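**Student:** Protein sequence lines, in the order shown, are assigned to chains U and C. Take the first sequence: its position 232, counted from the start at 1, is 232 in this note's numbering, and no numbers get skipped. Numbering-wise, this note's numbering comes out as the position in the second sequence, counting from 1, plus 1000.
Wrong hints could be hidden among the right ones.
[What the hints assert, rightly or not] Which residues of chain C face chain U? A partial, calculated answer using Cβ under 10 angstroms:
id, residue
1, 1084
2, 1141
3, 1149
[Unchecked claim] Listed below are the simulated SDA-like cross-link pairs for lysine to any residue, each with C-alpha atoms no more than 20 angstroms apart in a straight line:
id, chain 1, residue 1, chain 2, residue 2
4, U, 651, C, 1106
5, U, 651, C, 1105
6, U, 651, C, 1005
7, U, 371, U, 562
8, C, 1082, C, 1144
9, U, 651, C, 1113
10, U, 371, U, 559
11, U, 651, C, 1144
To be clear, the hints were calculated from the coordinates, so they are not data collected in a lab. As the structure is a prediction and not an experimental result, all values here were calculated from the model. No residue lacks a Cβ here, since even glycine has one placed at the ideal position from N, Cα and C.
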Amino acid sequence: MLTVCVSALLAGAAASALLGRRPAAAAAASLSGLALGCAAGLAAALGFAGPSAVDAAWPLPMGRLALSLDGLSSLFLFAVLAVCLAAGVYGEGYLRRSPGLAGSRSVRPLFLTLTAALAVVVCAGNAILFLFAWEVMALASFFLIMAEDEHAATRRAGLLYMVCTHTATLALFLLFALLARSTGTLDFAGIRAALPSGGRLPSAALALGFIGFGMKAGLAPLHIWLQEAHPAAPSHVSAVLSGVVIKVGIYGFMRLVWMLGAVPESWAWAFILAGAVSGVGGVLFALAQHDLKRLLAYHSVENIGIIALGLGLGCLGLSHRRVDLAVVGFSGAALHTLNHALFKSLLFLGSGVFAQELGTRDIEAGGGLLKRMPWTSAFSLVAAAAISGVPPFNGFISEWLVYMAAASARAPGEVGFGAAAVGALALIGGLALACFTKAYGALCLGQPRTEAARGARDPGPAMLVPMGALAAACVLIGLWPGPAVALAGRAAAVVCGVSPEAAARALAAPAAGAALIGRLGAGVLALAALLALWRSRLVVGRAAAGPTWGCGFPLTGAGAQYTASSFAQPLARAFAPVLATQAHAAAPAGYWPRAASYATHTPDRVLDGMLLPAGAGASFSLTWVKARLHSRLQYYMLLVSLCLLSLLFWKL
Amino acid sequence: MDQISQLLLAFVVFLSLYLLGSSSLTGCVRILALQGACVGLLPLTIHEGGFQPRALLISVGVIVLKALVIPRILLHAIREVKIRHEVEPLVSFVSSLLLGALLIGVAFVLAERLPVPGGLVSNLLVPVSLATVMMGMLMMVSRVKAVTQVIGYLVFENGIYLFGLAISYELPWLIEMGVLLDVFVAVFVMGIVIHHISREFDSISTERLTSLSDKP
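Working from the sequences, and respecting the hints, build out all of it.
**Tutor:** See below:
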């Protein structure tokens, strides 16, 4: 079934590339390839198709074409294919509606290639195949990010992404070379079986994995490409990038932990610390953004932080040999990965529609869209509630698992971890809620602030149906979390190296709690629906719909509304030392003030605050040295002799 | 024998220092010839086994090349380009002398830490060879005229030759011939280069070479 999945996707990619001149035929080819491939892959991932493993020789040294599905791969394959299917169907409608992309011949084949590469990455059983698919994935997503390369910002984002992804790949090459040297094989199962326990190898491998997988996942402070690349890409590509491409980094971490079998306690600390920094930092920087997709990109950093908290608690359980803590921690991370894939891709799909209708990604340009685009707004509301961790949606279920893991870290020496994780999670949850209240309120509530917002309309069913399906999945997992928790539990069982039954026993209490939350949520929703129905019966014929804010303020226009910036301002001020927001203000002056303006800009702390100045400094000093060197032959000789002398001193 | 080796080695270092502090080109070439002669005499005295006929042959070859042929070629080159003095060194003569003294100290520190096979009469040989190499480098780095750079290169070569004396009990013929041939070719090439620089640029200052670089 895996072979069918990958070959259908690749065949679709080839067909749509060959039919590039005829967009309708290319769309049909790519859709059918995508549908067939995803159907086969989803059937395999959910276990409907029986065991499906591929193992064939490959002429590359130490390489084998080995694909297999265990609990961990199944969960990630499911997330990959579900999100790619929804985003691909939506993408057809999106491409037709975007003037810059309608004539593009490369987006469809690249999208299918990316999907196939993602599927291979999460199923690969051999490091060479893994790295091969990893590079195909990185290149396909690079070209997709560069789809609208006429904009300078897009080219910058593409370059940044290229640098980051190759740094990550370099670290992974080193990682697998290290593992191969101590085990003599590049098959994952072989590495796991032959890896000597103890020594410094696990720490070195985790450090390299932290760079390689953390860069892909967007864990702070390696997140620098997310906030540039996600806004630059077409929206359905952003959905896949944020929904699943960064999740492949999480998959890599989990596969690495599976291979190592044991994790030093210091790395549990490192994950929890990185998770807390990513989570709180991500949501704070999201709070300061005006660009909708940039805001969502920072929320990806935040959610990767929550996942890393779960990973850290799981690693803590492994290092302390506490199976229950490890299983609950890793299940929380795995389930949050799945959930984030669903609601974040839904948010990006929604943001694409908003941006197309408004003509800009600036949330201040919206307003009142709930009345004009009811479906898109409703789906986005579901996703926003889910990402903020509000019950009864799916985001709360996975955060609940992470909370449970943190609460069960009670043994001496673990309390600090648990307390740090709980504190970070609570802060993240509150700030995320504030941030989505800001974004959603500015976009969808109130009165339209621009002409474009006044004329905005919902798109056709081709774009609404995939969004609806993702929203339904979010609600379904929230109300009936049993199957999803079980799926995550099987993935955690693989990572911890215990049987699925043992994992299910360890997960029994949190799962029961989650089920109760789901039932309560269903009850609340049913009650609300009943009350709404009752109300509509009572007020029928007696209620009149007026304009928004039409409550007796005749002179206030849309410009007098609360803006997103003003909503976020108290929080932004409280966290000003972290954010370092730059304000460009021209205050009104004189008795009859005319023009006044106020704009804020929050540069990224790591990229714009550290890396770019450091790079500019290095470049400047090297240019200076080069200019000096060019002037005289003697300087070259001096450098050569100094180099020789220092080598002599160093070696003696 | 011991005292003679020590004396010759001390003389080699002293001549290198003199080269660093001297501005007259013809004077420099004469000093270089003297240094070549000292270096050429060393194989006769340096080994514990005493005098050997083969060492005499090497000695004669080195003296002929380093003390007679090469200086003559250089003097000829200097006459050709009509230059007498190094007038604009990058590092002044006094500073060069001070730096040279510093380098001698560095060489002794390095030689302390360098593992050297036994069998030598003098324990001064390794530090002196290192000091000569470094002072040759310093000359190449700090002088502008092509002729002084060639002289620096030859001092450098003398240092390498001394080091070769130190590391092998008896220099195998092949290595020895290789060293001599290397020097000979280098001087020829440099002589030709000097000649061409002088003809193209009306000067033998290597500073003018920068007009060949990719920067304006």
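**Student:** Would you pick out the hints that fail for this structure and give their numbers low to high?
**Tutor:** Structure breaks hints 1, 6 and 11.
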